[in-house]
Each structure stands twice: as structure tokens, then as C-alpha cells.
Amino acid sequence: MINTMECAVDAQSLISISLRKIHNSRTQRGGIKLHKNLLVSYVLRNARQVYMNEKYAEIYRMQQYEEVMTVCNEIQELNPLDLVEDCEEQTGDCCGSANESASLCGALLPVSHQAPAVQHLQPSSACSVPLALQSEEVCKAPEPSFYRSCCAEAYPVSNCDFSPVNNMHCNKTTVLDLDTHVVTTVENGYLHQDCCASLQQCCQGAQSPAKKRKLDFGYYVSEIEEVPDFTPCKRAKFEDSSYASTEPLDTSNISNLISIFGSGFTGLVSRQADLEQALNGQFCSKQALASLGAWTRAIVAF
Amino acid sequence: MGEDGESPKINHSFLRDYVTEADVISTVEFNQTGDLLATGDKGGRVVIFQRETEPKGESEELGESGEYNVYSTFQSHEPDFDYLKSLEIEEKINKIRWLPQQNAAHFLLSTNDKTIKLWKVSERDKRPEGYNLKDEEGRIKDISTVTSLRVPVLKPTDLMVEVRPRRIFANGHTYHVNSISVNSDGETYLSADDLRINMWHLDITDRSFNIVDIKPANMEDLTEVITAAEFHPHHCHLFVYSSSKGTLRLCDMRESALCDKHSKIFEEPEDPGNRSFFSEIISSVSDVKFSHSGRYLLTRDYLTVKVWDLNMEKGPVETYQVHEYLRSKLCSLYENDCIFDKFECVWNSTDSVIMTGAYNSFFRMFDRETGRGVTLEAWRESSKPRAVLRTRRVYTGGRRRRGDVGVDSLDFTKKILHMAWHPAENIIAIAATNNLYIFQDRVNAENQ
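So the protein sequences, as listed, match chains A and B.
Under our numbering, the very last position in the first sequence is 302; numbers go up by exactly one each time.
Under our numbering, the very last position in the second sequence is 1448; numbers go up by exactly one each time.
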């Protein structure tokens, strides 16, 4: 029987309920049911999006821009290695295909400026443009990589999300990356995927979800010290359908479970390969909604 | 009309019979003539019912049809253990499908999560008597007592139903098998698990042909799974499979060996106004069935049944709300896992009526011509044998009638997931937990 009183439909409780279900499924008879766990992970993703949205809205209201920029600068100095790694990849992708990139961006730009039902096309151009970026600018500048991770963290802030393409005016938004504690300001939405509609701004933004994901993964591995190679093991298990639940499960493993879902089922978040293929707006807007990163911190926090 | 009482207000749960988990029926299927009805349960058993044939003259005049009585029972699957993966394999029968009858024996396929078995069901009503070397009990005779020879003869005996496993199709699936479907060619069948569909030949057990594989290279990229699959009733090269994202894919095996690329994809764009945390769950298709004509598809997702025209991919031609009043309860249903229930759906013999199950022992029938739906109940206390089923209603507002059930009074443990419709007549078999109900449309019986 359903209680007359509705269960709490807030994101936090849904997240904890979902995690509990996933946890319990490992000991169920007959092995892990792939279908059910996939559906639970969708609920998890949706709840996470809402939670992050609320969180960012809250932070936006509370944070002061100046304080945060100092923090940002400090952190930039601490992670030179990550920059190098990303720059190398960017170079590979972008530098080599400079001509194509330009034409691709150029081709998409006019499309993005069509009115009005182009709300779908707007994010599509934003999504595909980053892949075709001119690289050198991006690689050399230290800030963009952090903007990238920060911006990709950013849940599409409402003021940028549904604004018509021709209206480039998005308000200034301060975004906190919960994973790296880097805060950045999104000015006029240009650093944000959804609002990116012009090549120039996108180049500055240097959005690349797959790269961002890599960045986050690096953070996971370095920061979850108890089981450094846990995630690779888990990935192997995911590929094998068996999911043998041999290890004892306790609360510390819940955080491991969470880290898996940070890197696992990222197919729920669209992949870079898919981005290249699917230039339709609906897909990209979904991707933008889903492109959240480090929620390990958020989950463990409560 | 049956008694007019309201639903009992007293909770009789402590008086209810304790239901063993193993007795819960997990699949129901008529054979092609409708004379046999097979049920599978969670304990791995199959029970076959046979329709009693009335003397011809009587049944046509009075419109009486035979009842279904137990014909045979056998243990199809046993609990198994995968030592390599340290996994228990449930013996629950997921699906039963009958083969078209070719001789006196009947054949059916039954499957659990991993292994499909072909069973031969045959009758024996004669036995040989008069062996020379064995006595009546089968003991070897002492040769010295044999003084003359005789030819053994077949003598009639009590009817005996023998069920023997003829083929075992094992090791074909890594994931859980959810569907099997016999091809119209009579030689092959498909089996579908979460990520793959295999095609088997009924005579070959050591090999199967993989025709669909949606497993991504990296399991982290997984976004959808296969939920059901079925061959076209007439075209042996066509089959359809449904996904957890609510899409249907029609595949033509003539196009390529591996049918990863669909011929047609049927999907309905999501209504953004209805978006919720659970949108993905309630759009997952739990069952897909071709119409008898082969022209339409019937799908069931959590809140609706939909009819699709094979010629139109952009959306269903008909949508019926099964229990829309549950939309506001999705959170609670998620908590108690009811939102993951997989309801089946069926066509009637003429494709004019569709039926599916719901909660509180209710099931729904929709008349496609009028678009109207009716709710019926499969519950022994309210339906005596030969009594007419009365329609039920769930109260969702407006004028409350006597007998209406409030949404919060629905018993979500009583779910009708599995059902079957006789291929030619208006006889339906409804599985309600551990009980099987067989209902018949007496009014129209003579019109069949």
C-alpha cells in the first residue's frame, strides 16, 4: 500500500534511495539485473542534476566574486601536470585539423543564428564547435582548462538555458566546481556550453566534455586513496555481466560505488564520439543537462 | 449479477494463505489451437492445462466450452550455479512458447535466465504386453521358464502424459534472457537477453547465431537494454525488439547478418511537460506483441499501452491509459520497487481488443473500435465459478460510485503481470500471483 503521505520527492532522498537499491542489488539472488540498475542510475542522474542545480543556484547567491577568484588563482598554480596532459590532447585533436575546424565552426554559425525554433540548434552548435577548436590558443592558456572543467560542471543556469539564440545576453554567473573547488565566472554565458554560439567565445571556453571527464577521473583516482585501482577493477566487472559480490559491503564501499558512478555509466552523459555524430539539438541539450562532473564530493557530503 | 458488496474494509492479510515464492506464476501461454495452456512458475515448474472437449453436439448448442484441467506437470529448470562468476541462476521460468504442432506430440520451449529447453509432451495410452524375456513388472525372466514364444501386443492403458527434454540450448547468453519467439518458418527461434539477440535452429544446440548486439565497447557507455523481442507472425525475416528507452526496432534479417542497424525505428518524442525523475523508467517498454495480422505492434510501458502501425514510425496510432492515476505516486512506487514491474499485454484473436494487467488484481481491456476501456478483477472472493465478472473502477475524482476503489486502497502486492488470450476464442488466462484464472466470454461463444 502506498502511504497517503507522499514520500519526499527531493533530490537528496532520491539519491540515497537509489544508492541503496544499487547496493542491495548486489546481493540479490540471480545476479545483478542490468535493466533495473540502468533505470536506477537514470533516476540517480536526474536527481543529481536537480541537486546540482539547486546547489549552484545557492552558491551563486552566496559567493562573492573577488574572494573566489583568489582561490581560483591559487589552485591553478598547483596543477601544472593536468594542463600539460590536456594540452597535448587538444593539440592532437585541434591543431591537426585546423582547416576543417574552421569550416565546421563556420558552417555551424549561420545555422545557429536562425530564429526561433533554433533553441535546439543553439546548443548543437555549441556542442560541436568545441571539437573543432583551434588549439593553440586553448592549449597555451592555463585558465581555459579550468574554465572547461568549471563550466562543464555548471548546470545550465536558467538564464542562459532557454534564451533565444539571437539573445547573447546571459547574466554573469559564478560557478563552483565542487571537485576542484575552482570557481569561475561565466560571463554572458560564453563560457557555458549551452550559451556558446559564436566561435570566438567557444574557443575561449574550450569545452570538451570528454576531456573534462578525464580530468575528473584523475581527481577521483588521486583523492580516493583507500582503493586507488578500485575503479579499473570495477570497470572490468562492469564489462563482465556477473558482478560477483564477493567483497563485504560497508559504508566505505558506498563511496567507491559513488565514484564508480562518477566514471561509470557516463554513457548516460553523452560521449564525445556521440557529440561528433549527433548534431541534433535535442541530443545536445540533454547532454548539456547531464554534463555534471564531480559529484563524489556532493554525495559523500551528505 | 454477482453480489453488490463493497470492497472489504477489514484487512484480511493475516488470514490470507501463505504464498510460497516458488508458486508464483511467471508466464502463461496458449498453444496455437488453444487446447493447451502452459504456465511456468518461479520454482521452475511448468504446468500444462488441457481443454476438456465436450461432445460436439452439446457444446455448439449450449455455447458451453470445455474447462481446462491439469494435463501434465514437470520440473523444467532447476536452480543452478555459475561457479566461474559465483552467481546463482534462478530457476524461474521467464517465458514459454509453443511450437506449431506437426505430429501427435506437442513441443514447447521454456527458458529461465540462461538456458532454453525444448520439451516434448506426448501421450501414451497403450503399452506393450507379452514380452518373452521380461515379466509384467519388467524383471528379467529365467530363460528356463520360457517354453514358448509369443509376439508382444499393444494393449490400451490409462492415459499417461510423458514430458521429455529434447534439446537444451545452453551457454548462449551472458545476460538475463527475457524473451523467446518461435519463427514462422517452424525451424528457428530467437532468444533475447539484455544486450543480445540470438537465433537458434531447433535441432542445433551447440551453436547459435547472434543477430543483434547492442553491448557498447565500454560498458560505461550503456544507455539502453533490450526488454522484449518477437518474430513477425508471417514474415520469417522480420523481428522487432523493444528497448528500455521506449523505442521499438524492426529488423530485417535479409539486410545484413548482424541486425544492429534497424530497418525501422518506432519512437514517440517525449512530452517535456511530463518530465520527472522517473521519466526514463516509465517509458521503458516491458512487452511487445505483433498483432495476429502482422500489421500492428502492441507495447506496454508503465502507465500506458500503445498500438503502433508498422507503416508509421513517428508515433503510436493509439494510446490507452492503463492507470494514469499512478503518475502522481511514482515516487512511492519507486521506493517499493513497483515501478519496475513488467506488465505484459495481449491481443485478442481478431486484433480488435487489447488487454493488460494492473494492480489490485485488476486487469484492463480496451476495445480498439470504441476506444473505451474496462477494468476487471481477478480475485477469488469476488468471482465465483460461472459468475459474471463485474467491471471495477478506481476512484479518481468526480462522483464516487459504490464499489469504487480509492487509489490509496490499491493493493500493490496483487499485480497482474502475465496473461494470455486464446488464439481463436474469447477465453483469457490471467495469472494472479500463484493463482490462474480462466475467464470466458460466454455471450459471444457461439459467434466464434
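Hint data in this document are derived by calculation from the structure and do not stem from the laboratory.
Treat the hints loosely; a few may be bogus.
Quick list of the computed label-pair ranges, beta carbon to beta carbon [to be verified]:
| hint | chain 1 | residue 1 | chain 2 | residue 2 | range |
| --- | --- | --- | --- | --- | --- |
| 1 | B | 1324 | A | 76 | 47 to 57 Å |
| 2 | B | 1171 | A | 74 | 56 to 66 Å |
| 3 | B | 1075 | A | 58 | 56 to 66 Å |
Each computed DSBU-like pair below joins lysine-lysine, with the alpha-carbon atoms no more than 30 Å apart [claimed, not checked]:
| hint | chain 1 | residue 1 | chain 2 | residue 2 |
| --- | --- | --- | --- | --- |
| 4 | A | 21 | A | 55 |
| 5 | B | 1245 | B | 1414 |
| 6 | A | 21 | B | 1085 |
| 7 | B | 1414 | A | 21 |
| 8 | B | 1264 | A | 33 |
| 9 | B | 1329 | B | 1261 |
| 10 | B | 1329 | B | 1042 |
| 11 | B | 1141 | A | 33 |
| 12 | B | 1042 | B | 1085 |
| 13 | B | 1261 | A | 33 |
| 14 | A | 21 | B | 1042 |
| 15 | A | 55 | B | 1314 |
| 16 | B | 1215 | A | 21 |
| 17 | B | 1329 | A | 55 |
| 18 | B | 1215 | B | 1117 |
| 19 | B | 1342 | A | 33 |
| 20 | B | 1120 | B | 1134 |
| 21 | B | 1264 | B | 1342 |
| 22 | B | 1042 | A | 33 |
| 23 | A | 21 | B | 1264 |
| 24 | B | 1414 | A | 33 |
| 25 | A | 21 | B | 1126 |
| 26 | B | 1342 | B | 1042 |
| 27 | A | 33 | B | 1329 |
| 28 | B | 1342 | B | 1314 |
| 29 | A | 33 | B | 1085 |
| 30 | B | 1314 | B | 1245 |
| 31 | B | 1141 | B | 1155 |
| 32 | B | 1042 | B | 1414 |
| 33 | B | 1215 | A | 33 |
| 34 | B | 1134 | A | 21 |
| 35 | B | 1155 | B | 1126 |
| 36 | A | 33 | B | 1245 |
| 37 | B | 1155 | B | 1042 |
Just so it is clear, CB atoms sit at the ideal spot from N, CA and C, and this is done for glycine as well.
Right, here's what the structure says about each hint:
A beta carbon spacing of about 53 Å between residue 1324 of chain B and residue 76 of chain A agrees with the range 47 to 57 Å that was offered as a hint. Remark: the range hint 56 to 66 Å for residue 1171 of chain B to residue 74 of chain A is upheld by a beta-carbon distance near 58 Å. Remark: the range hint 56 to 66 Å for residue 1075 of chain B to residue 58 of chain A is upheld by a beta-carbon distance near 59 Å. A distance of roughly 24 Å separates the Cα atoms of residue 21 of chain A and residue 55 of chain A; the hinted pair therefore holds under the 30 Å criterion.
The hinted pair formed by residue 1245 of chain B and residue 1414 of chain B meets the criterion: a straight-line CA distance of about 26 Å does not exceed 30 Å. Distance restraint check for residue 21 of chain A and residue 1085 of chain B: the Cα-Cα separation of roughly 21 Å lies within the 30 Å cut-off, and the hinted pair is therefore satisfied. For the hint linking residue 1414 of chain B to residue 21 of chain A, the alpha-carbon distance of about 22 Å falls within 30 Å, and the restraint holds. Taking the CA atoms of residue 1264 of chain B and residue 33 of chain A, the gap is about 28 Å. The hint holds against a cut of 30 Å.
Only pairs whose Cα atoms come within 30 Å are accepted, and residue 1329 of chain B paired with residue 1261 of chain B is rejected, the gap being roughly 37 Å. Distance restraint check for residue 1329 of chain B and residue 1042 of chain B: the Cα-Cα separation of roughly 28 Å lies within the 30 Å cut-off, and the hinted pair is therefore satisfied. Pair hint residue 1141 of chain B plus residue 33 of chain A does not hold up; C-alpha atoms about 57 Å apart against a cutoff of 30 Å. Under the criterion of a C-alpha separation no larger than 30 Å, the hint pairing residue 1042 of chain B with residue 1085 of chain B is consistent with the structure, at around 22 Å.
Using a Cα cut-off of 30 Å, the hinted pair residue 1261 of chain B and residue 33 of chain A holds, with the two alpha carbons roughly 25 Å apart. The straight-line distance between the Cα atoms of residue 21 of chain A and residue 1042 of chain B is roughly 22 Å, inside the 30 Å bound, and the hint therefore holds. The hinted pair formed by residue 55 of chain A and residue 1314 of chain B fails the criterion: a straight-line CA distance of about 38 Å is larger than 30 Å. Between residue 1215 of chain B and residue 21 of chain A the alpha-carbon distance is near 23 Å, which keeps this suggested pair within the 30 Å criterion.
Taken as a hint, the residue 1329 of chain B and residue 55 of chain A pair is honoured in the structure, with Cα atoms around 26 Å apart against an allowance of 30 Å. For the hint pairing residue 1215 of chain B with residue 1117 of chain B, the CA-to-CA distance comes to about 25 Å; that is within 30 Å, so the pair holds. The straight-line distance between the Cα atoms of residue 1342 of chain B and residue 33 of chain A is roughly 13 Å, inside the 30 Å bound, and the hint therefore holds. Taken as a hint, the residue 1120 of chain B and residue 1134 of chain B pair is honoured in the structure, with Cα atoms around 28 Å apart against an allowance of 30 Å.
Between the alpha carbons of residue 1264 of chain B and residue 1342 of chain B the distance comes to roughly 24 Å, so the proposed pair stays at or under 30 Å and holds. Distance restraint check for residue 1042 of chain B and residue 33 of chain A: the Cα-Cα separation of roughly 16 Å lies within the 30 Å cut-off, and the hinted pair is therefore satisfied. With a C-alpha separation of about 35 Å, the suggested pairing of residue 21 of chain A with residue 1264 of chain B is violated against the 30 Å cut-off. For the given pair, residue 1414 of chain B sits about 22 Å from residue 33 of chain A by alpha-carbon distance, which is consistent with the 30 Å threshold.
As the CA atoms of residue 21 of chain A and residue 1126 of chain B are separated by approximately 56 Å, the hinted pair breaks the 30 Å bound. Taking the CA atoms of residue 1342 of chain B and residue 1042 of chain B, the gap is near 15 Å; set against the 30 Å cutoff, the hint holds. For the proposed pair residue 33 of chain A and residue 1329 of chain B, the alpha carbon gap of about 24 Å is at most 30 Å, so the pair holds. Between residue 1342 of chain B and residue 1314 of chain B the CA atoms are separated by roughly 24 Å; this keeps the pair inside 30 Å, and the hint holds.
Distance check on the hinted pair: residue 33 of chain A and residue 1085 of chain B sit about 14 Å apart at the alpha-carbon level, within 30 Å; holds. Of the supplied pair hints, the one linking residue 1314 of chain B and residue 1245 of chain B holds, its CA atoms being roughly 15 Å apart against a limit of 30 Å. Restraint check for residue 1141 of chain B and residue 1155 of chain B: the C-alpha separation of about 21 Å stays at or below 30 Å, so the hint holds. As the CA atoms of residue 1042 of chain B and residue 1414 of chain B are separated by approximately 16 Å, the hinted pair is consistent with the 30 Å bound.
Straight-line distance between C-alpha atoms of residue 1215 of chain B and residue 33 of chain A comes to about 15 Å, which keeps the hinted pair within the 30 Å bound. Taking the CA atoms of residue 1134 of chain B and residue 21 of chain A, the gap is near 62 Å; set against the 30 Å cutoff, the hint is violated. Proximity of residue 1155 of chain B to residue 1126 of chain B is assessed by CA-CA distance (about 5 Å); at most 30 Å being required, the pair is judged to hold. Annotation: proposed proximity of residue 33 of chain A to residue 1245 of chain B holds, straight-line Cα distance about 16 Å (limit 30 Å).
Restraint check for residue 1155 of chain B and residue 1042 of chain B: the C-alpha separation of about 39 Å exceeds 30 Å, so the hint is violated.
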